[in-house]
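Below, each chain spelled out in residue letters.
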Amino acid sequence: MEKLAVQKGFNVEEVRKDFPILHTKVYDRNLIYLDNGATAQKPQVVIDAIDTFYAKENANIHRGVHFLSQHSTGLYEEARNTIQRYINAENSYQVLFTKGTTDSINLVAFSFGELVKEGDEIIISAMEHHSNIVPWQMLCERKGAVLKVIPMSTKGELDLDAYQNMLNEKTKLVSVTHISNALGTVNPVKEMIAQAHAVGAKFLVDGAQSMQHTTVDVQDLDCDFFAFSGHKVFGPTGVGVLYGKEDVLNAMPPYQGGGDMIKTVTFEKTTYNELPHKFEAGTPNIVGGIALGTAFEYLSTFDFEAVEAYEKELLDYATAELKKIPEIEFYGEAENKVSVISFLVKGQHPYDVGSLLDKLGIAVRTGHHCAQPVMDFYSIPGTIRASFAFYNTKEEVDILITGLKRVITMLS
Amino acid sequence: MSIKEKEEEIVDEFAIYSDWMEKYEYIIELGKDLPLIDEKYKVEEKLIKGCQSQVWLHAEKEGDVMKFTADSDAIITKGIIALLIRVLNNESPADVAKADLAFLQEIGLQEHLSPTRANGLVSMVKKMKMEAIQNA
Ligand SMILES: Cc1ncc(COP(=O)(O)O)c(C=O)c1O
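Protein chains in written order, with this note's numbering: chain A, 1 to 412; chain B, 1001 to 1136.
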């Protein structure tokens, strides 16, 4: 694709033009898409990249001498380079393509997990997505390791003193979300990583929610692993990334066996390929990887300071407007949070509120958001979550507020 | 009235609503009017846990016909339960078991019976039919 020019500041009306779905209707009403925490919409450049690949570029990668195979291999590896630059990884081979965050975390739990011994400790937090809980429970079960959970406050902030006290020489790995999908909390992962390293533990950052809202520099964070999904950063579904430090990845055994991940295979002995191929068995999601590269090229045209300022303005506006409705109860009021608002309408079931908002064209998520322990913490079955991306507007917040008032009247 | 006739009656009732919100106002009314399930049946064994909302169902055979009472923590789920009960109550186990409940499609509420909604309704219909088969 052509080089996109970097924008100055942030102009939401211009950005909205890039996303065709934002101009569609549901039930004859303008779509108000406030479920960006679940998945983000795709800009035209990403859609075009997928189209073009299948129309003109499709071939398997890393294995053909013919023109198209070399071309698609080039596109795929260029996408890896784009992502490397975007997250500031040391080398492109430290950017492993996976199916998504869940797959990335499972890769670490199974492969790095082979280095975990009985009695070792793994630390997660009270606000993790099920994807960052269950693989560690499975690992602890397999290896006889111990899972510890950093508690949080009712505001939805982690107890960092408790975390410090949990760390010790038995701690093998800490795996914590950068940004909570259920509460919007931004955790101070950089400090937490330094604390983990002080006792010799490795640190995985669940970055599923991060890059939709902020930029990430893996070297600055100094994390050992960083996991994210393509579909939440305006890229396609079915593709994601695991970044890992070179020495850490090299010390890990392969996760899955198959084509591409080997150097030589005989029935007596197989030798494994180098990074990143060692962890990329089989034909990958080629078009997904390429289009994810395009999504990051698109993201790199933004002035992210302006994006963050705009999202903060949206968050503050939406929070203030929601506060004017006396029936609204908030869940997650951390000092440092992104444009994700979890709430309930007093006395009303989130399913009812969500179903009615849907009929007004407003897409929110209701339920436990794959974070049941968070809901148990507050003793609620679930919440209504409005999660805003940079293409949402104050007018859409107004429509949400009007819709909510109408729904509350209907239900009471 | 047969199951089919009751379904047609409901489809006619819904025909006057041109707007989704009106339709839902009616469903909410139905939910509020649903006769409550006897408290003694609001127990774990009667509970159908959905991810989003949950449903309690009690079924018994009275004479030749099935009798259902149910409840839910969500009012829209309850409104749809009221429709299902209206259609399936006082019908023979054989008729309940083979009811296709196509009216939900016609009035545009079939989405609530999609497994992805995880509101307990799909399992509730399954359970209603199971109970009918067991009582046949
Ligand atoms: C914090 C967090 N972690 C992990 C995941 C899992 O991502 P995926 O389903 O794309 O693998 C999500 C997605 O909702 C998430 O929000």
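Keep in mind that the hints are not guaranteed to be accurate.
In silico negatives: residues of chain B with every beta carbon more than 12 Å from chain A [said to hold, decoys possible]:
1) D1012
2) E1025
3) I1027
4) D1033
5) P1035
6) G1050
7) H1058
8) Q1105
EDC-like, lysine to aspartate or glutamate: derived pairs with alpha carbons at most 16 Å apart [to be verified]:
9) A:K312 / A:E327
10) B:K1023 / A:D358
11) A:K359 / B:E1025
12) B:K1098 / B:E1005
13) A:K155 / A:E335
14) A:K405 / B:E1009
15) B:K1023 / B:D1095
16) B:K1006 / B:D1100
17) B:K1129 / B:E1060
18) A:K359 / B:E1013
19) A:K359 / B:E1111
20) B:K1126 / B:E1106
21) A:K323 / A:D398
22) A:K117 / A:E78
23) A:K405 / A:E327
24) A:K245 / A:D217
25) A:K346 / B:D1073
26) B:K1129 / B:E1106
27) A:K359 / B:D1100
Okay, the calculated beta carbon distance ranges per label pair [unchecked claim]:
28) A:E395 / B:S1092: 53 to 63 Å
29) A:E191 / B:E1106: 57 to 67 Å
30) B:D1012 / A:Y27: 44 to 54 Å
31) B:K1042 / A:D376: 17 to 27 Å
Keep in mind that the hints were calculated from the coordinates and are not lab data.
Every residue, glycine too, gets a C-beta built ideally from N, C-alpha and C.
Verification of the supplied hints:
| no. | hint | result |
| --- | --- | --- |
| 1 | D1012 | holds, 21 Å |
| 2 | E1025 | violated, 6 Å |
| 3 | I1027 | violated, 9 Å |
| 4 | D1033 | holds, 15 Å |
| 5 | P1035 | holds, 19 Å |
| 6 | G1050 | violated, 9 Å |
| 7 | H1058 | holds, 21 Å |
| 8 | Q1105 | holds, 16 Å |
| 9 | A:K312 / A:E327 | violated, 24 Å |
| 10 | B:K1023 / A:D358 | holds, 13 Å |
| 11 | A:K359 / B:E1025 | holds, 12 Å |
| 12 | B:K1098 / B:E1005 | holds, 15 Å |
| 13 | A:K155 / A:E335 | holds, 8 Å |
| 14 | A:K405 / B:E1009 | violated, 32 Å |
| 15 | B:K1023 / B:D1095 | violated, 28 Å |
| 16 | B:K1006 / B:D1100 | holds, 13 Å |
| 17 | B:K1129 / B:E1060 | holds, 12 Å |
| 18 | A:K359 / B:E1013 | violated, 20 Å |
| 19 | A:K359 / B:E1111 | holds, 12 Å |
| 20 | B:K1126 / B:E1106 | violated, 20 Å |
| 21 | A:K323 / A:D398 | holds, 13 Å |
| 22 | A:K117 / A:E78 | violated, 38 Å |
| 23 | A:K405 / A:E327 | holds, 10 Å |
| 24 | A:K245 / A:D217 | holds, 13 Å |
| 25 | A:K346 / B:D1073 | holds, 14 Å |
| 26 | B:K1129 / B:E1106 | violated, 21 Å |
| 27 | A:K359 / B:D1100 | violated, 25 Å |
| 28 | A:E395 / B:S1092: 53 to 63 Å | holds, 55 Å |
| 29 | A:E191 / B:E1106: 57 to 67 Å | holds, 58 Å |
| 30 | B:D1012 / A:Y27: 44 to 54 Å | violated, 22 Å |
| 31 | B:K1042 / A:D376: 17 to 27 Å | holds, 21 Å |
Hint compliance for this structure: hints 2, 3, 6, 9, 14, 15, 18, 20, 22, 26, 27 and 30 are not met, and every other hint is.
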